[in-house]
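S.K.: Protein sequences appear in the order of chains A and B. Add 102 to the 1-based position in the first sequence for this note's numbering, that's all there is to it. Add 102 to the 1-based position in the second sequence for this note's numbering, that's all there is to it.
It is worth saying that the hints were derived from the structure and are not from the lab. These figures come from a predicted structure and were not determined experimentally. Among the hints, erroneous ones may be present.
Identical chains share a label here; the pair holds if one copy fits it or two copies do between them.
Unchecked claim - Quick list of in silico lysine-lysine cross-link-like pairs, DSS-like style, CA-CA up to 27 Å:
#, residue 1, residue 2
1, Lys197, Lys178
2, Lys222, Lys145
3, Lys197, Lys228
4, Lys209, Lys237
5, Lys197, Lys145
6, Lys178, Lys209
7, Lys205, Lys107
8, Lys107, Lys197
9, Lys213, Lys237
Protein chains: 2
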Amino acid sequence: MDSLKIPIIRDLDRSDLYSTSDFIAILNELSETQQPSSGECDKLYNQYLNNDDHHIIIAELDNEIVGTASIFIEHKFLHGGSRVGHIEDVVVTSKRRTVGVGKIMVKRLIKIAEDANCYKVILDCKENNIPFYVKCGFMPSQYCMRIDID
Amino acid sequence: MDSLKIPIIRDLDRSDLYSTSDFIAILNELSETQQPSSGECDKLYNQYLNNDDHHIIIAELDNEIVGTASIFIEHKFLHGGSRVGHIEDVVVTSKRRTVGVGKIMVKRLIKIAEDANCYKVILDCKENNIPFYVKCGFMPSQYCMRIDID
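Chain A extracted, bound-state conformation:
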């Protein structure tokens, strides 16, 4: 009865990164991501740990990682030092996409932004994900432009 289960949401932990990582496997469902070496994991996690403005959360069901999402807090000079939360890399494993894990993670990220005194939270998504984010309380706002660097 997946639909009645409420996932546990917790912060990313160093141990989530190493060999045969479910966290990395789920990121790989979003965009191709190989398992980093142990040294690379150390480097990435230390960098993450040293940045108070970057938060990565993990969703678990039945002691299994089923989703992840992140937010970073931008400090602006606008409005006398306002802050904006940027949500990135929201993904739920394809096996559990129907049980509300995504919405619970997004709500947690909004709470993190609120606690960090952000006045707004933004994210970029594909057109077919707009209805999901509208259900989470978001409104279509602007257009995302991209340039690739070789």
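Following the hints, complete the assembly by docking chain B onto the known chain A.
M.R.: Leaving out everything else, chain B in the frame of chain A:
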């Protein structure tokens, strides 16, 4: 002959922030921004200085600040630790919007992202600014969603 002039692009300096700041006045053209107190300026600038992933540039013409733009570098766990540049708060004073200052600033920000090993640069803009960013080499990508926090 404004059209022949090439602006000087430089990093934001602490002295740009204090009383009767042209930098703050130009931000105010983008979105309402009051001049911060001297103490607030210290706090904001120190925070900025301590973040190696945040870059604010200033454009000058005839020793006058005519524009500003910023980029911050996001460190992802995707693709074994990829980086993305996020451009924010691009503004040229209304008196000088015809002389190519915006494009020169955006090109400089792309160079900063390249030097920081970003694989892409993204930004959000209003529909009427899409042609400007296409001229800068960007392509429409996704949709920006927003939620305001009270």
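S.K.: Does each hint hold? Answer for all of them.
M.R.: Status of each hint after checking the structure:
| no. | hint | in the structure |
| --- | --- | --- |
| 1 | Lys197 - Lys178 | between (39 Å within a copy, 24 Å between copies) |
| 2 | Lys222 - Lys145 | between (31 Å within a copy, 21 Å between copies) |
| 3 | Lys197 - Lys228 | within (21 Å within a copy, 36 Å between copies) |
| 4 | Lys209 - Lys237 | within (11 Å within a copy, 37 Å between copies) |
| 5 | Lys197 - Lys145 | neither (31 Å within a copy, 47 Å between copies) |
| 6 | Lys178 - Lys209 | both (23 Å within a copy, 21 Å between copies) |
| 7 | Lys205 - Lys107 | within (13 Å within a copy, 51 Å between copies) |
| 8 | Lys107 - Lys197 | within (14 Å within a copy, 58 Å between copies) |
| 9 | Lys213 - Lys237 | within (16 Å within a copy, 38 Å between copies) |
Against the hints set out earlier in the document, a violation occurs for number 5 only.
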